[in-house]
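Here the structure of chain A is known, so what remains is to put chain B in place on it, guided by the hints.
Respectively, the protein sequence lines represent chains A and B.
If you count by our numbering, then the first sequence holds residues 1 to 498, one letter each, in order.
If you count by our numbering, then the second sequence holds residues 1001 to 1144, one letter each, in order.
Keep in mind the hints are simulated off the structure, nothing from the lab.
The beta carbon of each residue, even a glycine, is placed where N, CA and C say it ideally should be.
Please note that the accuracy of each hint is not assured.
[Stated by the list, open to error] Some chain A residues judged to face chain B by a derived CB distance under 8 Å, without partners named:
#1 His-10
#2 Ala-13
#3 Leu-20
#4 Leu-21
#5 Pro-24
#6 Val-27
#7 Leu-28
#8 Ile-63
#9 Ala-66
#10 Ile-67
#11 Gly-68
#12 Ser-69
#13 Trp-418
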Amino acid sequence: MNLAAHLPAHLPALQVVLPLLAAPLAVLLRSGNAAFVLVTAVAWAAFAVSLGLWQQTGAGAVISYAIGSWPAPWGIELRVDRLSAFVLVLVSGMAAIVLPYCRQSIEREIPKEQHYLFYAMFALCLTGLLGITITGDAFNVFVFLEVSSLSTYVLIALGRDRRALMAAYQYLIMGTIGATFIVIGVGLLYLSTGTLNLADIGARLPQVSGSRPVLAALAFLTVGICLKLALFPLHQWLPSAYTYAPSAVSAFLAATATKVSVYVLLRFYFSVFGESLLFDRLPLPEIMLLLSLAAMFIASALAIFQDDLKRIFAYSSVAQIGYITLGLSFGSESGLTATVVHLFNHGLTKGALFMLAGILVIVAGGTSLSRLSGIGKAMPLASFGIVLGGLSLIGVPGTVGFVSKWYLVLAALEQGQWWLVMAIVASSLLAVVYVWRFVEIAWFREPRADLPKDRRIPLSLQIPAGLLVAATVYFGLDTSFTVGSAAAAAEQLLGMNQ
Amino acid sequence: MRNDLVLRVIAKLLIPFILLFALYVQFHGELGPGGGFQAGVIAAAAIVLHVLIFGLDATRRIVPERLVETMLAAGVLIYAGVGVAGLLLGGNFLDYFVLSGDRVYGQLRGIFWVEVGVAVTVSGVMLKIFYMFAARGHDDGEDA
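Just chain A, with the same shape it has in the complex:
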């Protein structure tokens, strides 16, 4: 059998299977270096596969892949459309960039005998995140969610600070509650429709729409998924988890984990429940709008008062998720475009920022702001990168943050809601304050006396971080890939139930 000729047809399976195979192989290899080479190669292969899928779905085609040749809706289906392909590119691309960074980074943060287990967990986490994005089966979403969550708890607990254990435990409790809610919601949907295939549930729901179990399913799924994506009042696990995790893990999770949860929310809302139930008959847009605004203002304000750089970024993540869900609450095509674009853009920005924070750790020995005084003079390049990333968080033209906010403002104007534009600008001003705090401490204070003389940073740390910073500027100037994909994905998502 000529496998090469059939390869394009099997890309959906390979997307998940490659990292899945890498995890046990990394354990069998029992060597940190060999596991690093294997998992990095697999991440790049997965990135290539996701680009292939993105290209295949470019014309609006929906790829369906029947696992075990059992046709959907009976068998488990892998389903790739424009939105999932776009998220797959983000997740596997971030893994491919973060992994080369991992080697030198975990060398300093994790005991050597645990390195191969770290890479196995990383591969499992990647498997889970890609699996959630690609599957077309509601229960499969839950299974992959658990695969990614359980490996995430371990990755966070590997942080060298003892508080990492507490953070991982807190995330474990919250994450498990979220996963339980999700599985209850899926169970209620199965009860109402007799099927687990997402597209099939979507097709059957109109017959039972508005019945109590369906509304309960919607409520459970919304709360469960919002816990995973850290929507404002459910965000308590996030700041500690991102602060105490190893630097490479913070970078990868901040860029991908919550974004994949947003994808799950979009998938359930628009492919399963449908806009007519959500936006015409329930007060969901109002609730989402309120929570998004609360996230944008309260989390940004909290970020200002943190005294640890990683914690500032973590709170800023909660605020940025508010922008993502704000676009969703409009329920319009332009709103969804803004959501999907910001998903990608914020992933890039936060990935870059956490990687740079990891570089500062090496010289300053920590990320508490008192340790970072004068770091701008000691490490001009990394600090400049952080300022560029910060400008993107604020939304200064020329960075990806501006692109997202521009489309968000357009969507708000389309609804005729001028006051929302003011709110978006006002919350950006809060971002100015916390970014300025870093600038002030990094450049207007004297460097600490105990900074090491040898401040060389390995290239394998500088290049990936530099690449991401460059990407935040590049995609801020050339938006054809990001906005083009996002607009097409939003169009397809809204067209599904018509």
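For chain B alone, coordinates are given in the frame of chain A:
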């Protein structure tokens, strides 16, 4: 407890039967209650009994930690390997139909190896968890 003759003899008598029962549950899984998960747990229970009666060090000589860690990775590989075999033989991932010329026999062969993979991983994980708990205090105590 290590000197208790009754426990030692009964354990030696029971362990082979527990393992045999695990194999029965394993290979009878597609016809009756059971399967790889249950079989893996039962097999691990036999080893756990051995630890309880003869002590951790004696068991570690028979089932070393290294083997346990290999098992928990190898099982996943066997399972995924069945899927990849389906791919290589021209079907979709985890396609059992193509594993043999006869479609029904192909299904049997596929589920057989998948269950083997499940059993290997489950008993590996069970033992790993048990070893980690049992080694707490045990290894430290010897050093002290």
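Structure-based check of each hint:
1. Hint status for A/His-10: holds, given a least beta-carbon distance of 6 Å to chain B, under 8 Å.
2. For A/Ala-13, the suggested interface contact is upheld, since its CB lies about 4 Å from the closest CB of chain B, less than 8 Å.
3. Restraint check, A/Leu-20 versus chain B: the minimum CB separation of about 6 Å is within 8 Å; hint holds.
4. Hint status for A/Leu-21: holds, given a least beta-carbon distance of 5 Å to chain B, under 8 Å.
5. Taken as an interface hint, A/Pro-24 checks out: its beta carbon lies about 4 Å from the nearest beta carbon of chain B, inside 8 Å.
6. Annotation: A/Val-27 was flagged as interfacial toward chain B, and the flag holds, the nearest CB pair being 4 Å apart, inside 8 Å.
7. Proximity of A/Leu-28 to chain B holds as hinted, the smallest CB-CB distance being about 5 Å (cut-off 8 Å).
8. The beta carbon of A/Ile-63 is not positioned within 8 Å of any beta carbon in chain B (closest approach about 13 Å), and the interface hint is therefore violated.
9. Interface restraint check for A/Ala-66: the shortest CB-CB distance to chain B comes to about 6 Å, inside 8 Å, so the restraint holds.
10. Annotation: A/Ile-67 was flagged as interfacial toward chain B, and the flag holds, the nearest CB pair being 5 Å apart, inside 8 Å.
11. Annotation: A/Gly-68 was flagged as interfacial toward chain B, and the flag holds, the nearest CB pair being 4 Å apart, inside 8 Å.
12. Annotation: A/Ser-69 was flagged as interfacial toward chain B, and the flag holds, the nearest CB pair being 4 Å apart, inside 8 Å.
13. Interface restraint check: A/Trp-418 against chain B, minimum CB-CB distance 52 Å, threshold 8 Å, status violated.
Going down the numbered hints, you'll see the structure goes against 8 and 13, while the others check out.
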